[in-house]
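Take the given structure of chain A and dock chain B to it, following the hints.
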Amino acid sequence: MSEAPTTTKADWTSDQEPRWCPGCGDYSILTAVQLMMPEIGTAPEDTVFISGIGCAARFPYYMNTYGMHSIHGRAPAVATGMAMARPELDVWVIGGDGDMLSIGGNHLIHAMRRNVNITILLFNNQIYGLTKGQYSPTSEVGKVTKSTPMGSLDEPFNPISVALGAEATFVARTHDMDRKHMQETFKRAHAHKGSALVEIFQNCNVFNDGAFAQITKKDKRDEMLIPLVHGEPIRFGVDNEMGVISNAEGSAEIVKVADVGESALLVHDETRSDPSMAFAISRLASGPYQPTPVGVFRSVRRPEYAANATQQLAVAQDQKGPGDIHALLRSQPTWEVG
Amino acid sequence: MTDTASTPEVQELDRIVVRFAGDSGDGMQLTGERFTNASALFGNDLATLPEFPAEIRAPQGTLAGVSAFQVQVSDHDISTPGDSPNVLVAMNPAALKKELHRLEVGGTIIVNTDTFEDRNLSKAGYDHNPLETNELDNYTVFEVPMTSITKEVCKDIDGVKPRDAERSKNFFALGLLSWLYQRPLEPTTEWIAQKFAKLPQVIEANNAAFKAGHAFGETAEMFDYTYEVKPAKLAPGTYTNIAGNVALSWGLIAAGQLAKLPMFLGSYPITPASDILHELSKHKNFGIRTFQAEDEIAAVASAVGASFGGHLALTTTSGPGVALKGEAIGLAVNLELPLIVVDIQRGGPSTGLPTKTEQSDLLMAMYGRHGESPMPVIAAYSPSHCFMVAIEAARLALKYRTPVMLLSDGYIANGSEPWNLPDVSTLPDISTTFATAPNHVDEDGNEHFWPYLRDPETLARAWAVPGTPGLMHRIGGIEKEDGTGNISYDPSNHQRMTDIRSDKIAGIAKDIPATWVEGDEDADLLMLGWGSTWGAISSASKRARAAGYKVAHAHLIHINPFPSDLGDVLSRYKRVICPEMNMGQLSRLVRAEFLVDVESVTKVQGQPYTAGELYDVIIDAAG
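Same order as they appear, the protein sequences are chains A and B. Just so you know, we're using numbering that gives the first Met the number 0 here: the first sequence kicks off at 0 and counts up by one. Just so you know, we're using numbering that gives the first Met the number 0 here: the second sequence kicks off at 0 and counts up by one.
Any given hint could be a false lead.
To be verified - Incomplete in silico selection of chain B near chain A, CB under 10 Å: (1) 12; (2) 200; (3) 218; (4) 298; (5) 309; (6) 420; (7) 599.
Treat the hints as calculated values from the structure; they're not laboratory data. Think of the CB as a built atom: it goes at the ideal place given N, C-alpha and C, for glycine as much as any other residue.
With the rest of the complex left out, here is chain A:
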């Protein structure tokens, strides 16, 4: 592995021209990542981006790193193999809400419970883009699309709640309209040892334009985004007049600070070992039309899977010595024929 190299955005940019629709939120995420990579002090050759299928999944082609555009839903599983084989590398997983929460939901939850050292960027646009506009597992109930002309019937997933339920050790949310927030969140996720999931609200301006506008537009953010800051009381609002408390039922509840007093506010602690409070916070908004928490919900330490798997090899070598095929073949009873 190379020593903290000095790189620029150009070092992280491949010679392939992005083929997303003009105005797609994916461009701003790509730029945020390419601008951030030089700041985390790693080398392109020690970095691998792995994706599944979907618009977001084209991402690796545009990064001048090692990359694999794999098959639909399987990126977390491919990345698990890569991270186990090469624990010294930085492995990133890119996918959309259909890729990661529908066809690949199983792999996502198992990667998170194992705590494999991968950084997962989940581009959530609440729609299937590449297949031209069917509803997704994060679409709101009643979504009218080509496949649901009378409205969708499915209750959507809240990706943050799913991740917390799957024992994820790092869970965060950001959005494509705020590059600085994205970069800070990605850096935190990258620094985390274990599976880190970042949900990114991402606008699909062709099939689901403005899905998050009510909360991510510049003039709406103060009112509609609830920044989570570790160690700070949870507050938001144009004049910081709103806050979050843990109510008598253990749920998180939005209140006027003036009504409860500042000392009653919930102080955000992303390191709580019990995920219940983080889960409660994730339930504050049922969709991007209510005040919605962004930032790091949870960041806890737990043994990392690939390092432990590698450690088992070392222990086995200590106990049994290096492998010897001649001895292996004679490890059962043998007999001689003269």
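Just chain B, lined up with the frame of chain A:
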């Protein structure tokens, strides 16, 4: 041992076939394995056929719960577990009822009479006690109260209750058979001591039962003869008794060492392939990472990821798992990365007969993927052959940067035979090289790494692993431009890439041995087989030749591509008969490829062919 008044006469036999049968909980697999192992260490040739129900413990005493283990022990080279047993050990009425039809007429039955009471008889579907009628008159029946004698000899052992003692009755049966067939006792007593080292009272009970069984034979004056099968005249060497899945696992481990690469196994438990996951997981000191994935798809996908990372990667499964892995195998075809896919075939479709054998995944191995996605297909023909075929799978995967399908089946996976251990220094070097420097210079003199530049001989592409400075590149499932590997939707490029992928696999024919043919060169009849039918075809052919018929036997290890001389070989015979444990899959491939009128003979009963069945096929055709 005490001398008795009437020491039975010793008869020498050239081979015996013994079938142990009892309830799933009676330990018949273990008993059979121990009898086998003692015979192996004595120097006999042998072949085994374990047969057990899919249920871990079907209702006690029922026909569904019968578990059996058949072994042929011989003083000469054999290749099957035998057609009809000479001896049936029946631990309960269900075992007798279910297995009796297999026994040769005039054969010997040894029953545990303690279980022949109303409840067990009725569970087995008997409305009477067959031991009290004349229905077994065509057999020699030895009635032995195994349970009660075992309980009696264990009654004074501290900490062994009668219920525990009863569980040792299989060792009584083993002791009796060991006496009857003059098997050495030490391998079994040593095994008991080692296996139950932490449970001294179990050692004592099992030993007591084992010795009691042996002593019973010697003193009961029930048996007129004991039998001896002399050691076989096998080629000189060091032998071990090997099961197919163990040989396959060891072959894979050896392949990693011979390739000088770390190994990665992504797998999901499935019968009858799980033993490979278990075995490889025991040998992490060889640098093998084993990953029990959340499902079959993750198992193969993780292996693809590890392969991209520069590991020798594999996934092990059975037919239903291969079906689930199909898309990811297609990805590996497109990425042109090495990957070994092991399919231990079982009866299908769907759950089918999970503990029984079949060869019905051949066409899936060949064609069971989307798009034009050729990959090498190779098959093991016997338990010990699994070792070399695993190394061959790795050689092809690494050399040609391709997924390889390795086919075995439940019969050779669980069956065992003596194996003359290879000299490790004679195993092939299958190491490969990673790209370490750019391989293309553009018009402006700039250096690039093009992942799809190829070796002109093998058509294998350059393999650069992450962590290599300057060779960063992206690969993916979308069609790519030849050379650069960049996404390309160009029509002629897709044709070109499809042709290259096809030519690359077809070209392997130049790199594999000629067709393996045995028997009479001037025969009119060729028996063509692949996989585990080898033992039965080979044995039947030998028997037919001994009876004066002319027959040749060709057995395929490489099925895609076929050996380059296969068409010529087939054309030398007037008739080609292809026995398979499917509905005629190889015969279709051969007919399509060579326009040869192959006659298909098929069997899909979850049971391997017996040599007798194929002997009849041969004499019908050659006679």
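Structure-based check of each hint:
Taking 10 Å as the C-beta cut-off, the interface hint given for residue 12 of chain B is violated, the closest approach to chain A being about 20 Å. Hint status for residue 200 of chain B: violated, given a least beta-carbon distance of 25 Å to chain A, over 10 Å. A least Cβ separation of about 30 Å between residue 218 of chain B and chain A goes past the 10 Å threshold, and the interface hint is therefore violated. A distance limit of 10 Å between C-beta atoms decides the matter here; for residue 298 of chain B the minimum to chain A is near 8 Å, and the interface restraint holds.
Given the 10 Å rule on beta carbons, the hint for residue 309 of chain B holds: about 7 Å separates it from the nearest Cβ of chain A. For residue 420 of chain B, the interface hint holds, the least distance from its beta-carbon to any beta-carbon of chain A being 5 Å, beneath 10 Å. The interface hint given for residue 599 of chain B is broken, as the beta carbon of that residue sits about 36 Å from the closest beta carbon of chain A, more than 10 Å.
Checked against the numbered hints listed earlier, the structure breaks hints 1, 2, 3 and 7; every other hint is satisfied.
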